[in-house]
Amino acid sequence: MTVLLEAHGIGKRFGGVQALKDVSLTIREGEIYGLIGPNGAGKTTFFNVLTGLYPRDEGEITFAGQPLALGSPHRVTRAGIARTFQNIRLFANMTALENVMVGRHARTKVDVGGAVFRTRAQRTEEAAIKRRAEELLHYVGIADRANDMAKNLSYGDQRRLEIARALATEPKLLALDEPAAGMNATETASLRTLIAGLRDDGLTVLLIEHDVKLVMGLCDRVAVLDYGQKIIEDIPATVRADPRVIEAYLGTGAA
Amino acid sequence: MTSLRTKPHLGLALIALALALLPFVVSATLGNAWLRILDFALIYIMLALGLNIVVGFAGLLDLGYIAFYAVGAYLYALLASPHFGLHWPVWAILPLGALVAGVFGVLLGAPTLRLRGDYLAIVTLGFGEIVRIFMNNLNAPINITNGPKGIARIDPITIAGHPLSKSLDVFGFTVPGLALYYYLFLVLAILIIVVGIRLQDSRIGRAWVAIREDEIAAKACGIDTRNVKLLAFAMGASFGGVAGGLFAGFQEFVSPESFGLMESVMVLCMVVLGGMGHIPGVILGGLLLAVLPEAFRHGAAPLQQALFGKTLIDPENLRMLLFGLALILVMLYKPAGLWPEPRHRAELKKS
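Quick mapping for you: the protein sequence lines, in order, are chains A and B.
Each residue of the first sequence is one higher than the last, beginning at 29 in our numbering.
Each residue of the second sequence is one higher than the last, beginning at 13 in our numbering.
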């Protein structure tokens, strides 16, 4: 399997707090890679560093053979990493369809002139944007909600919409920040089917999740963060049995 | 109603006919003063549509928008008046005005990219004042703007050799100058409306709204928020620049006092009152706020005379009082504006 993303020696400080320390990960093409850890372990910080939202203090990230730009989220998206957010960030007053259409921004290019004069290229591109957005809504299973305002969608549908919007940017790597947070058992089960389907369609997925059962059942490989450091990176069965992981989650007495 | 709905072209033709006849109806029934107010209303609509791009679409609160209007107006004044002895044609000045105002828009936008909401409002307010104070003081050591005295004897807008300030005989029928201005402003306002609608329904327009809704998510969608915001400032400013040029040619006089903070607030009120981000609402807001205060100005004194036999409240004070009251009522009962964007946009309905 070829390597898609290689993070090497990532460090990030917030004032005196060392949120990430020398974190190195390798994500291979076509796998679901889980990133777990107790609250405050640095999972979301790593996510934000990876997607360019936070500038990193140390370390290198190579993505698809290219070094990843620093501190510019839109370039990271254009390079092929799309993300969702732990606390859903949709464009609340736009319809579901429009949300996904915004996701096409990075892969389309008509400018002001094209829009004002409504050139043939603009009309073709606009139709293609809309068609692709409809396909993606269908893919995540909320095609019937296309014309509803994003804020009026149910929680589970909002999560799905966020995934559809991320997919619209044509990512090589889809990074999901706690997609199952706040979901009930039925919603989690159908989310699991959706994520497994993404892998079957050839996408690489990075998954941050609290739901250990979901991660262990779904992921090909798992890394565990604790106090900003990676303590293990292996297949789920090995990770589950590792005493350091049990200690990180349950405390020293339990191990 | 059903026949109009099945024949949209007929409805459009009726609206066009009504708009074409409007100046004659107004000057015959209400007089030329009202035709002049109508001309100003069209200028204000153009301004409001420009500000709507910045505030309504991109969600960037701009309190110094009138500065771009000033830039367009002064550019026209300097290039078509005896002040410098230049007499450029209007069709050269207006595009230049749009361009120069657009550059000013980027100049304002660039240092404020990280600001939002209240902070952005304060900085843009300062920018508006800076431009006005420059206009006030650029008469020494080199006299560029003629200071507080303003620039007078500006060339009227001239099309095909005919100055629009003079009436025109068409087949023995006299069209007054104010009506000629009305037609020119109407055409340009429609042009700006079309440009606004097309921008809104495009990749760029969606990116603006995305930034308004959630800037971080917009970045994560691959939108270069810096460039897209600067584009909003530039586009909005260029609309203001065109409106300013028309204002200068129409008034044939400009002075810094036309570009004070109250004017910025007034244009912002048009956008907010009408319905932020909704083009028909913004047009309604511009029309109402341009016409209603004038109606009070003209109607308040005679009405008080008729009712009480004397003028109890100065019409100017009454105007501001009622304006304030109207704003409070709208914010209480229609916080999204008088004509907000419908929840479901027609273009997205299954066709």
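Worth flagging that the hints you see were computed from the coordinates, not collected in a lab.
In this text the structure is predicted, and so the values were computed from the model without any measurement.
Glycine included, every Cβ here is placed at the ideal spot set by N, Cα and C.
One should not assume that every hint holds.
Unchecked claim - Derived lysine-lysine pairs resembling BS3-like cross-links, with alpha carbons at most 30 Å apart: (1) B:K178 <-> B:K161; (2) A:K158 <-> B:K19; (3) A:K241 <-> A:K200; (4) A:K158 <-> A:K200; (5) B:K322 <-> A:K179; (6) A:K179 <-> A:K200.
As the list claims (entries may be wrong) - Pair ranges (Cβ atoms, derived): (7) B:D181 <-> A:A120: 55 to 63 Å; (8) B:A338 <-> A:P95: 37 to 45 Å; (9) B:E227 <-> A:N180: 20 to 28 Å; (10) A:F42 <-> B:P327: 57 to 65 Å; (11) B:D130 <-> A:I260: 42 to 50 Å.
Inset, instruction - Run the structure past the numbered hints and jot down the numbers of the failing ones, going up. - result: 5 and 8
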